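Novice: So you can see what is in the structure, the chains are spelled out below.
Protein chains: 4
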Amino acid sequence: MSDIASDDINTWFAPDELALIRRRLPFVYVDVVPVRVDADGAIQNVAVLLRTPREESIQRALVSGRVMYHERIRDALARHLDKDLGPMALPRLPVSPVPFTVAEYFPTPGITPYHDPRQHAVSLAYIVPIDGDCSPRDDVLEISWLTPEEAVSPGIQAEMVGGHGALIRQALSHTGRVV
Amino acid sequence: MSDIASDDINTWFAPDELALIRRRLPFVYVDVVPVRVDADGAIQNVAVLLRTPREESIQRALVSGRVMYHERIRDALARHLDKDLGPMALPRLPVSPVPFTVAEYFPTPGITPYHDPRQHAVSLAYIVPIDGDCSPRDDVLEISWLTPEEAVSPGIQAEMVGGHGALIRQALSHTGRVV
Amino acid sequence: MSDIASDDINTWFAPDELALIRRRLPFVYVDVVPVRVDADGAIQNVAVLLRTPREESIQRALVSGRVMYHERIRDALARHLDKDLGPMALPRLPVSPVPFTVAEYFPTPGITPYHDPRQHAVSLAYIVPIDGDCSPRDDVLEISWLTPEEAVSPGIQAEMVGGHGALIRQALSHTGRVV
Amino acid sequence: MSDIASDDINTWFAPDELALIRRRLPFVYVDVVPVRVDADGAIQNVAVLLRTPREESIQRALVSGRVMYHERIRDALARHLDKDLGPMALPRLPVSPVPFTVAEYFPTPGITPYHDPRQHAVSLAYIVPIDGDCSPRDDVLEISWLTPEEAVSPGIQAEMVGGHGALIRQALSHTGRVV
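Line order of the protein sequences matches chains C, R, F and L. If you want the working numbering, it's the 1-based position in the first sequence plus 1. If you want the working numbering, it's the 1-based position in the second sequence plus 1. If you want the working numbering, it's the 1-based position in the third sequence plus 1. If you want the working numbering, it's the 1-based position in the fourth sequence plus 1.
Chain C with its partners taken away, still in its complex shape:
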């Protein structure tokens, strides 16, 4: 998932509580594929975040994060988009809560295309058009607006964390931009 360096859940639970919960409960997440669309609604670009890696390799990710206690999905989407893309991004939040896919992240690789070594997360994934200007915040080093062809290229896909490359391919497939 995208919370590589700044893991906000650390601030809500004591470390021993968190360790307990992470081995016993799945978390609710949202994943966002941020896109630029033309006047016809066709996708022109996909935003990919370059994050401060914990490890040495480059890691690219989508906007992603937990749904908090008593938080609506809409509010979680708005919060994570604001945190990662900045307050002027002007995202068009979805009118329906139905995701284009559900990504199941397991700590064990290979069960699904998604993997998160820290936890089990069930993530609702949405495509969100961005109308405004984005500015990297917190641990995001850079926001790259890639063409669909660039986003599915082997080089970029190899740099994406735990299944976010697969999510981009699924999002493009869902919109009829088959890959």
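Because the hints were derived from the structure by calculation, they are not lab data. Just so you know, these numbers come straight off a predicted model, no measurement behind them. Incorrect hints may have been included.
To be verified - For lysine to aspartate or glutamate, the following EDC-like pairs were computed, each having C-alpha atoms within a straight-line distance of at most 20 Å:
1. 84/C to 150/R
2. 84/L to 160/F
3. 84/R to 41/C
To be verified - Not close to chain L: a few residues of chain R, all C-beta gaps over 10 Å, as computed:
4. 46
5. 74
6. 100
7. 156
Claimed, not checked - So the derived label-pair ranges between C-beta atoms look like this:
8. 37/F to 136/L: 25 to 31 Å
9. 37/F to 88/L: 20 to 26 Å
10. 156/R to 148/L: 31 to 37 Å
11. 108/C to 17/F: 21 to 27 Å
12. 45/R to 146/F: 37 to 43 Å
13. 53/C to 39/F: 54 to 60 Å
14. 132/C to 110/F: 30 to 36 Å
15. 145/C to 134/F: 36 to 42 Å
Don't be surprised by glycine CBs; every beta carbon is placed ideally from N, CA and C.
Starting from the known structure of chain C, fit chains R, F and L onto it as the hints suggest.
Specialist: Leaving out everything else, chains R, F and L in the frame of chain C:
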């Protein structure tokens, strides 16, 4: 469907050709539920058109119309939205071609919730947020922005043509505004 | 949610742990609308469970329950269907993980149509055709196969727990059986 | 589309009528990705039809065909599945009319991933699990049950007609079998 007075298909076929085709082929249509959304993406209002009726009763309808030969669905959506809501409506066309429902209009009532005495039409239905200003054009007398509660009230529902009341209820249900 | 009497989460956590977590994390749930379909795939009946109530009033519910740690959604669906409808129900599990809606249950009523006084749960809702024979198990007193019209009647709707009546209406709306 | 040799529309219209209509109206189609699923609903195999080609090359296709006048989508699905897979196929028709994608076939290649040199067709695409036994009928020479990996292999994809390879990839992506 909504083309109550201005039936553009009349201009493409001679009357005898049209009569022949209308009894032998289903038409491809698009239906649009135009909505105003707040910053969170939640629906605030639904646009309902008051059209010049052929008959004496008041008739309300959604944005709706045929897909023409060699026309993409996106282009048909843009064309019908422009025709009915005016050029300053700034609709947010969908990023995916997957409709929230498929409405099958039959000339025989009762097979589905949708009915069109003139023809068999298979219509892809989309929810489209409107950002700009709308002005009635052509045969549209008035555009009413109703709250979801008003739009599903018995009075308004009774004035909607051939199943468009059902489409509004389905659109709201799809977005979690259960009716 | 449906776990009115047999709350399996009690067996995984000590009471004080559970009290802690329930106030601080949303749970991942699945909801199922079990249906009988004819050869054309059209819904003939909806299964509604009559559960042993904690309180005095009658309570009807759908099949519903938590997704456990390291459990796939498919496996959670199979487990809860087996538990509530018996081992001979022969459910047709969905080929896609995309739910027909996402129900957000909050302990505070009125935020969404769904309510669970015990917890915040984010539930993926699926329509599942049942081919086999059902037998009530555990705390289920009776399984009623209602017609769509019966299922949305005011009497039945008033007996459904925390938004399950709304889920049935949304499921029928999604399939074109508009209510 | 799949009606390579047996084009049933020829029997409904005189040749000159058909030539007229094909240049002036889009047709309504259904496309089906027939699959074998395991008890969990996960796709094991995809059925691909080998048809008698008009031209010399081998051509593989999905189940596909027109929606007729006054025919429901459900009935069109049942009719084409029966015609191509035989009367013992026992398809599980979808409970909802919402397709997993809408394929727009244009006579001009390159506008979408789908292409039909004969006509413009708007096709609703469904994934349909098959429980029974299939037997090739009419112009179908062979029905191959391929694994998802085989179905997306370059060799098979190159033999698929007008975008049916893309439809298989989209169907698998929709079910979480990312390709």
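Novice: Indicate, hint by hint, whether the structure satisfies it.
Specialist: Results of checking the hints against the structure:
1. 84/C to 150/R: violated (34 Å)
2. 84/L to 160/F: Outside the cut-off at roughly 46 Å; violated.
3. 84/R to 41/C: With a Cα-Cα distance of about 16 Å, the restraint between residue 84/R and residue 41/C holds, given a limit of 20 Å.
4. 46: It holds; residue 46/R is separated from chain L by about 25 Å at its closest Cβ, greater than 10 Å.
5. 74: violated (6 Å)
6. 100: Per Cβ check, residue 100/R is inside 10 Å of chain L; nearest 7 Å; violated.
7. 156: Answer for residue 156/R: holds, closest chain L Cβ roughly 29 Å.
8. 37/F to 136/L: 25 to 31 Å: holds (28 Å)
9. 37/F to 88/L: 20 to 26 Å: For residue 88/L against residue 37/F, whose Cβ atoms are near 23 Å apart, the range 20 to 26 Å holds.
10. 156/R to 148/L: 31 to 37 Å: Distance hint for residue 156/R, residue 148/L is violated at roughly 56 Å.
11. 108/C to 17/F: 21 to 27 Å: holds (26 Å)
12. 45/R to 146/F: 37 to 43 Å: holds (39 Å)
13. 53/C to 39/F: 54 to 60 Å: holds (57 Å)
14. 132/C to 110/F: 30 to 36 Å: Holds: the Cβ-Cβ distance is about 35 Å, inside 30 to 36 Å.
15. 145/C to 134/F: 36 to 42 Å: violated (56 Å)
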